[in-house]
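*Asks:* Order-wise, the sequence lines are chains S and U. If you use our numbering, the first sequence corresponds to residues 5 to 182, in order. If you use our numbering, the second sequence corresponds to residues -15 to 173, in order.
Some clues are possibly wrong.
Selected chain U positions facing chain S (Cβ under 8 Å, derived; list incomplete) [what the hints assert, rightly or not]: (1) Leu74; (2) Trp78; (3) Asp79; (4) Tyr81; (5) Ser83; (6) Ala116; (7) Tyr121; (8) Gly127; (9) Asp130; (10) Leu148; (11) Pro150; (12) His157; (13) Phe159.
Derived DSBU-like pairs (lysine-lysine); straight-line CA-CA distance at most 30 Å [as the list claims (entries may be wrong)]: (14) S/Lys110 / U/Lys100; (15) S/Lys136 / U/Lys100; (16) S/Lys13 / S/Lys115; (17) S/Lys13 / S/Lys182; (18) U/Lys137 / S/Lys163; (19) U/Lys137 / S/Lys149; (20) U/Lys138 / S/Lys18; (21) U/Lys100 / S/Lys170; (22) U/Lys138 / S/Lys182; (23) U/Lys137 / S/Lys170; (24) U/Lys100 / U/Lys137; (25) U/Lys99 / S/Lys136; (26) S/Lys113 / S/Lys182; (27) S/Lys110 / U/Lys85; (28) U/Lys100 / S/Lys113; (29) U/Lys100 / S/Lys163; (30) S/Lys136 / S/Lys113; (31) S/Lys115 / S/Lys170; (32) U/Lys100 / S/Lys161; (33) S/Lys161 / U/Lys85; (34) S/Lys182 / U/Lys99; (35) S/Lys115 / U/Lys85; (36) S/Lys18 / U/Lys137; (37) S/Lys13 / S/Lys110; (38) S/Lys136 / S/Lys110; (39) U/Lys85 / S/Lys163; (40) S/Lys170 / U/Lys138.
Everything labelled a hint here was simulated from the structure, so no lab data went into it. The beta-carbon is built from N, C-alpha and C at its ideal position, and this holds for glycine as well.
Listed here are the chains, written in short residue letters.
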Amino acid sequence: MTDEDSCKKTLCDKSLGVNLVSHVANSFPDCMCENHSVSNDSVGPVCDNEFLIHLIMSPVDVDEITSELKPEVNREAATRGMSCFRMEAISNSECHRLGAQRELLKNNKHKYQGFVAIRTREVRGLLSASSKAYCVYDTALPDEKRHSDVMCALREKAKIKEYQIKLWGLMNNSYYSK
Amino acid sequence: MTSFNTYQKNPLGQFGVLATMFATISPVSQDVNTPAPMPQICTYSIKGSGSSATQQHYSQNLASSIFAPSTNDAVFLQQTLSEINQMRELQDDWDSYGSQKPSALALDIIESLAKKLSVFPIRPNTKIGSNAEAGLYWKSERGYVDVSVDADKKFVIYHADSALDPISYYEGHDFNEAVLLLSNKATSI
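All chains, please: the whole structure from these sequences, using the hints.
*Replies:* Encoded structure:
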């Protein structure tokens, strides 16, 4: 099995659930799966100049007084992977449309709050001892070619926490409410 | 098992060596929009190891005796308790990304923490992790402090400076130890 096949097999393994990110970090250090497409539905690996759009789907993730995002907003980046849409340019209307679409998809149980738009290079630029703290993978889905995931590449708990807070800082500066 | 990482910038050093004692905040009625007064602080040494029964007894007494909320604290506390109650209504997949609802035990613990920690000069905010954890955080121009509690009653306390660079990281299972450590952090926020 090639590295590319191994990456695809692991990153598509839904049975790993909340352990997916730690499993990928252990099996593929230094974001090595970024060198390949990890999905057969992908148009190719995520480039540094692409934007990552993450939808905020619960008021619990937003401080109602300051309108800032709360620190756990990127919690999935250390468990299942933080789902994003990749875009070459930010389109507010398109992002809001995706939020409304996700509300419908989830039977209106969730209230779309807004979106975060960050450059992939900013996420990959968070370095821990010269290694990337986060990897960005092209986890395209059959019905959503733009789907991607941000996954923590760190294994030490204190470091994971440190970079979760730093990523939150980035996300907070790039949050656009509905 | 308790673990504690202290980064070079930590001005207070290892927990258990120094404790910070706050003078009681004035109970005089204040306008809601007026910031709570900064507590007066003095520091002193505790002799012996951090795990001795004497110190643990002392810590419990200290933790239960120095937290007297002012009017502002009470207002802040009500906001926080209201948020915690809302969190009790959440169901699994509350964020649409598959996160578990926070555990009732974790919510009970952060409610107790919020009541104990009203000495922080700013309001605690609430947060929820993906695996049933719940927590509180404080953020100001001076820095960032958060505490998370999981369904196994494990505390994780993280302290960063204003640039979000780390100062300290702690894991443990002792409520009073967590309260005392967080009360020390109040001086940095």
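*Asks:* Does each hint hold? Answer for all of them.
*Replies:* Hints, one by one, checked against the model:
For the restraint placing U/Leu74 at the interface with chain S, the shortest Cβ-Cβ distance is roughly 7 Å, inside the 8 Å limit, so the hint holds. With its C-beta approaching chain S no nearer than about 6 Å, U/Trp78 sits inside the 8 Å limit, and its interface hint holds. The interface hint given for U/Asp79 holds, since its Cβ lies 5 Å from the closest Cβ of chain S, which is under the 8 Å cut-off. Checking U/Tyr81 against chain S by beta carbon gives a least distance of about 5 Å; that is within 8 Å, so the hint holds.
Given hint, U/Ser83 at the interface with chain S, holds; its Cβ is 7 Å from that chain's nearest Cβ, closer than 8 Å. Given the 8 Å rule on beta carbons, the hint for U/Ala116 is violated: about 11 Å separates it from the nearest Cβ of chain S. Interface restraint check: U/Tyr121 against chain S, minimum CB-CB distance 6 Å, threshold 8 Å, status holds. A distance limit of 8 Å between C-beta atoms decides the matter here; for U/Gly127 the minimum to chain S is near 11 Å, and the interface restraint is violated.
Against a cut-off of 8 Å between C-beta atoms, the interface hint on U/Asp130 holds, since the closest Cβ of chain S lies about 6 Å away. Interface restraint check: U/Leu148 against chain S, minimum CB-CB distance 5 Å, threshold 8 Å, status holds. A distance limit of 8 Å between C-beta atoms decides the matter here; for U/Pro150 the minimum to chain S is near 5 Å, and the interface restraint holds. With its C-beta approaching chain S no nearer than about 15 Å, U/His157 sits outside the 8 Å limit, and its interface hint is violated.
A least Cβ separation of about 20 Å between U/Phe159 and chain S goes past the 8 Å threshold, and the interface hint is therefore violated. Between the alpha carbons of S/Lys110 and U/Lys100 the distance comes to roughly 39 Å, so the proposed pair goes past 30 Å and is violated. In summary, the hint linking S/Lys136 to U/Lys100 is not supported, as the alpha carbons are separated by about 39 Å, beyond the 30 Å threshold. In summary, the hint linking S/Lys13 to S/Lys115 is not supported, as the alpha carbons are separated by about 33 Å, beyond the 30 Å threshold.
A threshold of 30 Å between alpha carbons decides the hint, and for S/Lys13 with S/Lys182 the separation of about 37 Å lies outside it, so the pair is violated. With a C-alpha separation of about 21 Å, the suggested pair U/Lys137 and S/Lys163 falls inside the 30 Å cut-off, and the hint holds. At roughly 41 Å between alpha-carbon atoms, U/Lys137 and S/Lys149 are farther apart than 30 Å, so this suggested pair is violated. At roughly 28 Å between alpha-carbon atoms, U/Lys138 and S/Lys18 fall within 30 Å of each other, so this suggested pair holds.
Annotation: proposed proximity of U/Lys100 to S/Lys170 holds, straight-line Cα distance about 28 Å (limit 30 Å). Proximity of U/Lys138 to S/Lys182 is assessed by CA-CA distance (about 36 Å); at most 30 Å being required, the pair is judged violated. For the given pair, U/Lys137 sits about 26 Å from S/Lys170 by alpha-carbon distance, which is consistent with the 30 Å threshold. For the hint linking U/Lys100 to U/Lys137, the alpha-carbon distance of about 17 Å falls within 30 Å, and the restraint holds.
Distance check on the hinted pair: U/Lys99 and S/Lys136 sit about 39 Å apart at the alpha-carbon level, beyond 30 Å; violated. Only pairs whose Cα atoms come within 30 Å are accepted, and S/Lys113 paired with S/Lys182 is accepted, the gap being roughly 17 Å. This hinted pair checks out: S/Lys110 and U/Lys85 have alpha carbons roughly 17 Å apart, not beyond 30 Å. With a CA separation close to 35 Å, the supplied pair U/Lys100 and S/Lys113 exceeds the 30 Å bound.
Proximity of U/Lys100 to S/Lys163 is assessed by CA-CA distance (about 28 Å); at most 30 Å being required, the pair is judged to hold. Straight-line distance between C-alpha atoms of S/Lys136 and S/Lys113 comes to about 36 Å, which puts the hinted pair past the 30 Å bound. Distance check on the hinted pair: S/Lys115 and S/Lys170 sit about 26 Å apart at the alpha-carbon level, within 30 Å; holds. Among the hinted pairs, U/Lys100 with S/Lys161 is consistent with the structure: their alpha-carbon atoms are about 27 Å apart, no more than 30 Å.
For the hint pairing S/Lys161 with U/Lys85, the CA-to-CA distance comes to about 22 Å; that is within 30 Å, so the pair holds. Pair hint S/Lys182 plus U/Lys99 does not hold up; C-alpha atoms about 34 Å apart against a cutoff of 30 Å. For the given pair, S/Lys115 sits about 16 Å from U/Lys85 by alpha-carbon distance, which is consistent with the 30 Å threshold. Using a Cα cut-off of 30 Å, the hinted pair S/Lys18 and U/Lys137 holds, with the two alpha carbons roughly 28 Å apart.
A distance of roughly 27 Å separates the Cα atoms of S/Lys13 and S/Lys110; the hinted pair therefore holds under the 30 Å criterion. Taking the CA atoms of S/Lys136 and S/Lys110, the gap is near 33 Å; set against the 30 Å cutoff, the hint is violated. For the suggested pair U/Lys85 and S/Lys163, the alpha carbons sit about 25 Å apart, so the restraint of at most 30 Å is met. Distance check on the hinted pair: S/Lys170 and U/Lys138 sit about 23 Å apart at the alpha-carbon level, within 30 Å; holds.
Comparing the model with each numbered hint stated earlier shows that hints 6, 8, 12, 13, 14, 15, 16, 17, 19, 22, 25, 28, 30, 34 and 38 do not hold.
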